[in-house]
Amino acid sequence: MTEHSEVLNQGEHAAVHVHRDDEGSKMGMWLFLFTELLLFGGLFLIYGAYRFEYADGFKVAAADMNSFIGAVNTIILLTSSLSAALSIAAMQRNQKKLALGMLWFTILCGIAFLVNKYFEWSHEIHNGIYPGGPALENMSNGEILYFGLYYVMTGLHGLHVIIGLIFIGFVMVFIARDKITSTNFQKLENAGLYWHLVDVIWIFLFPLFYLLH
Amino acid sequence: MANGSLANEVSYLEYQGKHKGILGWLLSVDHKRIGLMYLMGIMIFFFVAMTLGVMMRLEMLTPGETIMKPQTYNSVFTLHGVIMVFLFIIPAIPAVFGNFMLPIQIGAKDVAFPRLNLFSWYLYVVGAILAIVSLFVGGGAADTGWTFYVPYSIRSAQNVTMTTMAAFVLGFSSIVTGLNFVVTIHRMRAPGMTWFRMPLFVWGLYATSWIQVLATPVIGITLALIMLERYIGIGVFDPALGGDPILYQHLFWIYSHPAVYIMILPAMGVVSEILPTFARKDIFGYKQIAISSLGIALIGYLVWGHHMFVSGMSDTSRIVFSLLTFLVAIPTGVKIFNWVATLYKASIRFSAPLYYVLGFIFIFSIGGLTGLVLGALATDIHVTDTYFVVAHFHYVMFGGMGIMFFATMHYWFPKVFGKMYNEKIAIVACTVIIIGFNLLYFPMFIMGYMGMPRRYYDYLPQFQGWHILSTVGSWILVSGIVFMYGNLLYALLKGPKASMNPWGGTTLEWRVPSPPPLENFDEIPIVTGGPYVHDKQTYIMHPSKEGLNANGGTKTVNQEAAI
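If you read the protein sequences in the order shown, they are chains A and B.
When we follow my numbering, the leftmost residue of the first sequence carries the number 9, and every step to the right adds one.
When we follow my numbering, the leftmost residue of the second sequence carries the number 926, and every step to the right adds one.
Note that these hints are calculated values from the structure, not bench results.
For clarity, every value in this text was computed on a predicted model and none was experimentally measured.
The C-beta atom is built at its ideal place from N, Cα and C for all residues, glycine as well.
A few of these clues could be false.
[Said to hold, decoys possible] Just the calculated beta-carbon pair ranges, DEER-fashion:
1. P142(A) to I1171(B): 45 to 53 Å
2. L201(A) to V935(B): 58 to 66 Å
3. Q941(B) to S190(A): 52 to 60 Å
4. M1345(B) to S190(A): 50 to 58 Å
[Stated by the list, open to error] Subject to a maximum C-alpha distance of 27 Å in a straight line, what follows is the list of computed BS3-like cross-link-like pairs (lysine-lysine):
5. K1034(B) to K1422(B)
6. K1206(B) to K943(B)
7. K187(A) to K1206(B)
8. K1206(B) to K195(A)
9. K1422(B) to K1270(B)
10. K1461(B) to K1349(B)
11. K945(B) to K1344(B)
12. K187(A) to K1349(B)
13. K187(A) to K67(A)
14. K1270(B) to K34(A)
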């Protein structure tokens, strides 16, 4: 629509040239999400290939994972996705405070997820299970690859959580300054889409590393 | 915008916005200025990599050491490949002329995300700087070849990490550009510019952009894993820890084969622009050419295995990959036949851009047919890793994309700079380039067939005659290129002013002044017909003056009142 309104104003030359195209912005975000999926896709492909080749080693290594913490993290992320979606609904109804509150909650969940992840990683590292670590060196090839992939995939995912948090932080500033309003909330929706992607990727990582023994 | 009309009275080259001088360029989000900034970078790196190529040819003049040691030779061919592929061939046509022409050709004022566009240029610069710095720090320039094959790239003491980092960043730049173009083509077309009224260059860019978006992330993660492997040794590509080097090759070619079509599809798009202009008739088989671009992009995604016929794959997958490879020849053949058919019974005007295009069709056909030799399993095994492969990909990459880049520069030079070059010199330069090109690379087919392996700094005496021929060819080629650039540079400084439409082109960029004004159009035009119609006007450039609204109908009372 905005595109057309721009064209209609052309006649007077001094048209409003703030080009705004929500559909285009959303489309750009989706394309970006495709690229993220393919980025992780490469890793999932590697995981699949080695799971097939070293089924036994992967089973042994996966038994070492604490699926309780994994499950807690899954619940945390799913809840944060809900609050991100609710903040969009609140923004559409012009409830600025509620939208901001929901985003605060999303950020807290994201941080809680990272804290959990930190304890998980430090537990493994403490036990000498890290690339080149004393415990991992004596393990079978399957286990080495499992933990190598574990660190790369959850690490890359953790990086995306951090980027998502920064993204949401910026969006909150925009909301506070009324740059995002009930009629102009595409940036918020894009942040939400990104956060859901982070969530979806975790939903695949969780069973692959914690549940498949 | 209060100065909307003011900004459109001067060209994009002269416009003074918020920032003056060099900052007016470095901070500009205008797609035309960004295109020219890409052109600067790309030209510099083309000359760097070309110099490296000439040095390699010089080394091959005599058997044994001629001008460099084997280790240096390894680094030189690696950098020649990395720079040519990631800094020249992939971005050249899309990032320079795609940026410049795409919005104009579809009747838009800019791309969908102008700031993202500038960001991608900065990523390109960062990647380029990393590539250059990697030459001088650490253990010396990477020596793995541009493919970074494991396990050598993990073990090499040379500075491989930084070179892969450079390729990683450049890949990101390429993704951002592709994403921007896809959204631009979907959302920014002028009223009446339906999908099948888009110029074929836009179709080529559209297919390219999808490949950039969907294939580049895979190389991103693969190169990131190489870096991690070198730093902390996670094991995924390290056979000592159970990793599989063949898996690396799969992941690498899942990107890098489609990347071949990132390189060639925009070039094919320009062929489809230049031919109808100089043939003075509509292109033959417009829809077939448009769809074949998408066909090439689609099939090209599924043929990566043909780079690995001798790496260790099951016979079944080799036969499947070979078959799929042959299928790519079909949409490519469709294009070639349609181009030739466009010339049939046309009233052809032999201008400089057309000479380059005809050279392209000749060279690319040789490159394409020898590609079938490599795509067939039995013959491929005979010529794998020989000069035959080197000759083939230089015929399709340099002869295809490179020559078309020259053609593109000659075709759009008057539009981009508003100056005209000396056409006679351009044609002479073109002839020299095509002779030099064939003299340089054709002997490589013969040497490769005779068994000369690639990437060796030394060779048996029986190959020397061919090597001398090839090296002499490189001198002729380079002098042709320097001649050509000299001509363009002279035109840039002293050339006469170019008119709005010096070639009689029919697409939208020829309906705006040369060089185009800042916002391209005073008014968004309305499109009423196909892109290559010569005998009648298919664009309404000032709809409001003709009493039309944006949809092409007459204005309603309300709209009049609103204005």
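Just to be careful, I want the Cα atoms of K1461(B) and K1349(B) compared with a cutoff of 27 Å; is the pair within it? violated (31 Å)
If you check the beta carbons of L201(A) and V935(B), does the distance land in 58 to 66 Å? Taking Cβ atoms as reference, L201(A) and V935(B) lie about 40 Å apart, which means the hint is violated.
Per the hint of 45 to 53 Å, is the separation of the Cβ atoms of P142(A) and I1171(B) within bounds? For I1171(B) against P142(A), whose Cβ atoms are near 30 Å apart, the range 45 to 53 Å is violated.
Measure nothing beyond the straight line between the CA atoms of K1422(B) and K1270(B); if it is 27 Å or shorter, mark the hint as holding. violated (32 Å)
Given the proposed pairing of K1270(B) with K34(A), does the C-alpha separation stay at or below 27 Å? Cα-Cα ~47 Å, so violated.
For the pair supplied as a hint, K1034(B) and K1422(B), confirm whether the alpha-carbon distance does not exceed 27 Å. holds (24 Å)
Do Q941(B) and S190(A) keep their Cβ atoms within the hinted range of 52 to 60 Å? 39 Å Cβ-Cβ, so the 52 to 60 Å window is violated.
Is the straight-line distance between the alpha-carbon of K945(B) and that of K1344(B) 27 Å or less? Judged against 27 Å, a Cα distance of about 23 Å means the pair holds.
Taken at face value, is the distance from the CA of K1349(B) to the CA of K187(A) at most 27 Å? Violated: K187(A) and K1349(B) sit about 57 Å apart, past 27 Å.
Tell me if the straight-line CA distance from K187(A) to K67(A) falls inside 27 Å. violated (51 Å)
Return holds or violated for the Cβ distance of M1345(B) and S190(A) against the range 50 to 58 Å. Taking Cβ atoms as reference, M1345(B) and S190(A) lie about 55 Å apart, which means the hint holds.
What's the verdict on K1206(B) and K943(B), does the C-alpha distance respect the 27 Å limit or exceed it? violated (44 Å)
In summary, the structure is inconsistent with hints 1, 2, 3, 6, 7, 8, 9, 10, 12, 13 and 14 from the numbered list given earlier, while agreeing with the others.
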